[in-house]
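Protein chains in written order, with the numbering used here: chain S, 1 to 358; chain A, 1 to 278; chain E, 1 to 269; chain Y, 1 to 405; chain W, 1 to 329.
Watch out, some of these pointers could steer you wrong.
Listed below are the simulated SDA-like cross-link pairs for lysine to any residue, each with C-alpha atoms no more than 25 Å apart in a straight line [said to hold, decoys possible]: (1) LYS129/S - PRO116/W; (2) LYS87/A - ILE224/W; (3) LYS197/W - GLU140/A; (4) LYS160/E - LEU272/S; (5) LYS332/Y - ALA317/Y.
Keep in mind that the hints were calculated from the coordinates and are not lab data.
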Amino acid sequence: MFYREAGDFSASYEEDSQTFPIKFDRYRYYLVLFIAIAVIPFVINDYWVNSLFLPFLIYAIAAIGLNILVGYCGQVSLGTGGFMAVGAYACYKFMTAFPDVSMLVHVLLSGLVTAGVGVLFGLPSLRIKGFYLAVATLAAQFFLVWLFNRVPWFYNYSASGQISAPERTFFGIEITGPNTQAWATYLFCLMFVIFSAYVARNLTRGSVGRKWMAIRDMDIAAEIIGVNPLRAKLTAFAVSSFFIGISGALFFAVYLGAVEVGEAFGIQKSFLVLFMIIIGGLGSIFGSFAGAAFLVLLPVALKIVGVDWFGWPTDIVAHLQLVIVGGLIIIFLIAEPHGLAQLWRVAKEKLRLWPFPH
Amino acid sequence: MLDATPTPDAQVETLLEVNNIEVIYNSVILVLKGVSLKVPKGGITALLGGNGAGKTTTLKAISNLLHSERGEVTKGSIKYRNDPVHKLDPAEMVKRGVVQVMEGRHCFEHLTIEENLLTGAYTRSDGKAAIARDLEMVYEYFPRLRERRKSQAGYTSGGEQQMCAIGRALMSRPETILLDEPSMGLAPQLVEQIFEIVKSVNENEGVTFLLAEQNTNVALRFAHYGYILESGRVVMDGPAADLRENQDVKEFYLGMSDEGRKSFRDVRSYRRRKRWLS
Amino acid sequence: MTDGYVTADGRQIGPVVMEMKNITLRFGGVEAIKDISFDIRQGEIRAIIGPNGAGKSSMLNVISGFYVPQEGEVWYKGSRRPAMKPFEVAQQGIARTFQNIALFEGMSVLDNVMTGRLTNMKTGMFWQSIWKGKAEREETANREVAEKIIDFLEIQAIRKTPVSRLSYGLKKRVELARALAAEPSILLLDEPMAGMNVEEKEDMSRFILDVNDEFGTTIALIEHDMGVVMDLSDRVVVMDYGKKIGDGTPSEVRNNQDVIDAYLGVAHD
Amino acid sequence: ELVFPSLSYRTGPYAANGIPFADGYADYFTLLNERDGGIGGEPIRMIECETGYNTEKGVECYESTKGEGALVYQPLSTGITYQLIPKATADGIPVHSMGYGRTSAKDGSVFKNIFNYPTNYWDGASVAIKHLLDLNGGSLEGKKIALVYHNSAYGKEPIRTLEELGKKHGFELSLLPVDHPGQEQKSQWLQIRREKPDNVIMYGWGVMNQVAVQEAANIRYPMDQFIGIWWSGSENDVRPAGDKANGYKALTFHNVGDDFPVFDDIQKYVVDTGKAAGAGDQIGTALYNRGLYAAMLAAEAAKTAQGIHDTKALTPAQMRDGMEALEITEAKMADLGLPNFGPEFTVSCENHGGNGFGAVAQWDAAADSWSLITDYIQSDQDVLAPLVTEDAQAFAAESGIEPSC
Amino acid sequence: MPEQLAFTIEVFLNGLMAGVLYALVALGFVLIYKASGIFNYAQGVMALFAALTLAGIIDGQVPFSHLINAILGTDIHHFGWHVPAFLAILLTMVVMIGLAYAVQRLVFRHLVGQEPIILFMATIGLAYFLEGVGDLMWGSDIKSMDVGLPQGLNTWIDDTTFNAFGYGFFIDNLDIVASIIAALLVIGLVMFAQYTKQGRAMRAVADDHQAALSVGVSLNFIWILVWSLAGFVALVAGIMWGTKSGVQFSLSLIALKALPVLMLGGFTSIPGAIVGGLIIGVGEKLFEFLIGAPFLGGATENWFAYMLALIFLVFRPQGLFGEKIIERV
Ligand SMILES: Nc1ncnc2c1ncn2[C@@H]1O[C@H](COP(=O)(O)OP(=O)(O)OP(=O)(O)O)[C@@H](O)[C@H]1O
Ligand SMILES: Nc1ncnc2c1ncn2[C@@H]1O[C@H](COP(=O)(O)OP(=O)(O)OP(=O)(O)O)[C@@H](O)[C@H]1O
Ligand SMILES: CC(C)C[C@H](N)C(=O)O
Ligand SMILES: [Mg+2]
Ligand SMILES: [Mg+2]
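The following block holds chain S by itself, in its conformation from the complex (with noise of 0.2 Å):
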């Protein structure tokens, strides 16, 4: 029995409905916190916070958000990439308008004008569900990306239309621009994914989270039961863009440094945040980061495999990477259906039994 929970009783409510009831889950918890404030930051250069740790921090927040509208509230979207992109137009423009603001006010103002964008898309969910919600979502993708590619306000009449990100700081340490500290960027995004987990997990405990969840498991019963339906789905539009807002703004400002939307913030932007939290795990905060990071590590881990390791063609090696994170996908749902995140609740209800089968 490698796993116990035998022992740990709650003795209240609130202790109950702690994020992590069990002790040993609470102390794991808390070294992945320590490691990755307090060590990670010491031991990293440029190629692993560039390549890896960015990227994963930042899609772990457009996970998260993307995940309370999918995963929580049911309601299927395919704006993410537009969404993402109103985060980093919004920050361009605050960034350029107020550049003696600290970029952490930049970022979470966008988060708040998406979160705006956001709702004003959310309302046609009230009388369109499913699949048709997540093709009408497109119709947010697809304009955003239009608007800013076509409206040169957008992208201060630069002349190509492509959005560059200024050197900012935040509390005298330079976050944006090229001559930025790796350790500092790191904290700085890791400082928003912390918060962004925290907050969607307060939110998802409770009332809120259940009127979200009860529209998604059956709307129609939620709704006799009172729960508002078009508040339930449009806070969950608003929270959700809320973060996704932030990840854009984070992704063009610290992450990529410089844009053009319908490259960065296209369509298969949306498609690659709805994998992540499906392979993931729908309605599940650790599955939000476990999807993003195997979508981000898995094609750099075959890619090292195949190209640095075999020495073979970097074509076949792309193509055999579509191959093979096809067939995992594939492999994964039927091994479990639910997502990562299940396949590891399973993987301790099975240990909590270890050495018996059931």
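Please build the complex by placing chains A, E, Y and W with the ligands on the supplied structure of chain S, with the hints as guidance.
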């Protein structure tokens, strides 16, 4: 109507034999813990038991519908006419003459009643004329269906859907029908009617029935033999007439005590569960 | 019948709380309810019976605001109820269960019961996102109510089990728990005992009577088991093909020839 | 060891174009290694990294290769170039965006590490107009010209230039954006059919090119009045339309075909030894030649750098100096087995972008080949120079760079 | 005829034609959705795969040659023969049926009864997989698709309309062929779904696969059948679009043009795919012509198609011809 046909004697061929099966859902939840039963040819066998006892699971194990619910028979064997069948495709089971009417009716909502019935004949290859004849036969049994033949099944009432489901099963010319809770949610009159039809199909067409039922009262009136299931085990079995007289069955399944039926209002305590096994 | 009556077993029934006046409901060409009127009194157990497709469930749906009748009025607590969304009806203290179980399959039993408390939880999103303080206090307070009901219905053992793994009967019980958690003034039950055996029906009856007794909850009940209906209810409405064909005490209804013809088949013992 | 990363794309929506370029780039370096033992005796190591034309993968490739001592990046994508401009500048590694990327990077006093010689998008627009001027006896007064462009940063590049030129020469410009990927262009081409512009200029990439050529053929637009930028001028773009593409024109800044001595060497040292990159079936195509040309320019810059710093092994900073001192003369090219392959130009601190020479090639469907139909034409520097300076200054101001040379 | 009106009519007609081409792709989605509730993200990739295979077979390419060469150091690429188009189409169809079989055996058989979003995800995995396999098998360079379909301005229409109205309408021959094929396909598929035993079984499976199993309908068979049909539709779409734009990766992106069509017509309706296609085609082209290009700077088609579909959905949440969503409690 309390005199069902006497139990078929031991000479009658056993059509279906379930031997000590174990069923696990999601590879962790053990639901059936060794269920055995025999269904004689031409009989009506009832499977009784409380909520979650495993009746539905047993029927699905026989018809092989478990697979699509992530359930699995892990032990024991199921034999139909002495052939092991638990690895077969559900469609193959139907071809061999075993068809299940599922709990909760499960009509094809968007198909008309007639299309529903015709789908029942999917596995048959004995020609259009034969199918048309059987369609006629089903309409004979359920005149109500003839009236609604062109309506979409999704918009018919619960009772009509139940008839449709049974009729659809008949359309495959089955040898054995597994009937899961035919009475659920039906008005009392309809319950009687449906059991009457089961009886006449059994007598006229020689179809064998295995039925799972909560409505013990009716079930034991029409069945020849009964099994009582509790938390995944068979706890009692015997000819229906015997079961009806059994004291425990009377008390827990028929709601009768020595003084006859007692009022629901008079049950004073609900902490009085007695189980054969626990 | 101005201000209530006293039942055979001595319970005091109060004034009319809900009154349906000339309700007519159509779906396209189908008239599911035809000009039906009846009332429900405070503290009463009111049964609605009738053959399949008579329009019973539709009537409950009208009460909970899910179907909007083409004609007729609903009066609640002495005044005419304006057009309302179902969730507003729920917020007025009307809770219900469903004929085809409508639980939230993705959540645990406890969470399902807690959804019944949603109409009582008012903390804003901001405080919830911080959790500590206001949100946590509210959660705990409501949790206590939910736990009490879980205790009452004897489902403590499955509190943390995902609903999708429960058998039919347990689900029905959880649904009842969810409805009770709202501490409703009127509770609507749509075939709460379908698919149960006698023993389980006895248990369920006990719960219903206790709820009615302990919390004084008014109950409207649809059921096909005549034994249950006749034993439990104070008054019975009988529907057939959308029309009301009988209304009165169980014994009156039992002996009504129309009801016997349309529904009971034989005079029930 | 000299490290040349190749950020290629052999998958994704633009693979068909990425492959020949990457092959050319790789084969030239392979040739140098096999034949000459590298550059100046120092062997070359080429690291190929697949970007799929995706900016994020581009960043990953950049980060994973820069530590290996990468000398110069040639990402073949305007998007990735924009990404790399600040990063590479901070890391002191040069980027060569040859005929793409940020046009104002031509101003070396601001963009120290970015090079876009021998020509850029604005030059392209101007060269096309010059060619049209030639055809129309020196005047475009009252003519209508339509620009069909990829609706992205890249496609929008020439708009400003064309507008300026329109003012100068008196032609009317109409703009027809095509969204990625550009499979459906009915609207655009119906509009062209209606408006009957005298000429169509196209800034396209990927499938958009093929569809445009096909649609032009469908509406029977005269092919010789249809000019693509150099990225709309590969065999891939015209072959699907078959004979009907005959006469289509495209700009180029290097020669076409495989009729150069260097190809014999490639056959001998690379193909016959089985060392050809990719499937080895792209040799001599327009984009292959362009990849090869890019590699040649990189190698020459490396040679120059070796000369300046008197060392065989180079650092990125030394490579940068080499690029800034690069001089391409006819003699040099002939020497390399590429006589008359591209324009002559000299790079300097002020000018990282060459002199803006480009030529026009025309497709001969029967012969299945391109041929140059003009000499190298120089772009209208009077119009362009101020535009470049303006944009560069704006960038300098925005990012606090002190222009200096 | 006034010029502006003539132009508008021309745009309208071409919108119809474009719509037919979208509908060809949408049909594949509908078939699979109808029979299994699976939203098949891989439909676009299937079209690409079919087209690649067809082009490869016609050309006598050796499958996986690049991979084989890389591993064995050989240098093979072509068999050196050319396969006649109709034979190649047959062979490709065999490949698509094989694919349908494999997809059913290896993927969906194990996912029976899962939620729609999970099945959707599986098709995404499938899309990746197929894209990779397609590339490995046939290479990612561009291929031209030549099965002898006519293409270009239809002169007869041009002349006739010119004589009649003074303005010759442009209609592409390929579009005309596509329309005929699409009409035949739709009629065939509707007949199949409505009047054959298999078609009925297919609809039954879509309604309730458990119940279908219980009456002896073999899910395996029905699904393989439907995926083969979808493969066939993908092949047709691949030929059409491949002829238009060459065969290459971008072909798989035409799925994005089919989505608004699909949701406007309803995921479950075969005629809906056609009607939806026509509405979207006409709508987006007219909007671009009348408003987008003159006032909004152009390139509005992509988002307008979705907006149009969205507007329709607000009034009919199940699409124009979709099966009514039965909402009962
Ligand atoms: N898909 C499933 N996954 C997990 N557990 C299941 C599943 N289906 C049924 N069970 C469990 O199996 C047990 C037996 O269920 P089954 O449906 O066979 O009961 P039943 O006798 O038919 O009951 P009822 O009268 O309520 O229909 C129950 O405890 C139920 O919780
Ligand atoms: N949403 C709807 N659309 C169309 N018809 C409906 C709808 N809801 C109910 N009906 C029809 O209204 C009639 C009454 O249905 P209702 O569900 O109220 O019956 P019921 O009395 O509850 O029957 P049962 O005892 O079978 O549950 C039926 O004919 C049914 O088909
Ligand atoms: C070859 C490429 C550099 C051209 C492409 N259109 C781009 O600018 O991104
Ligand atoms: Mg059951
Ligand atoms: Mg009902």
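Is the straight-line distance between the alpha-carbon of LYS129/S and that of PRO116/W 25 Å or less?
Holds - the C-alpha atoms of PRO116/W and LYS129/S are around 13 Å apart, at most 25 Å.
Quick one, are LYS197/W and GLU140/A close enough, alpha carbons at most 25 Å?
Given that 25 Å is the threshold and the Cα spacing comes to 24 Å, the pair holds.
Mind checking the alpha carbons of LYS332/Y and ALA317/Y for me, to see if they're no more than 25 Å apart?
Holds, at about 24 Å.
Does the structure keep LYS160/E and LEU272/S at a Cα separation of 25 Å or less?
violated, 33 Å
Can the restraint linking LYS87/A and ILE224/W be considered satisfied, given a maximum Cα separation of 25 Å?
holds, 21 Å
Of the numbered hints given earlier, the model fails hint 4 alone.
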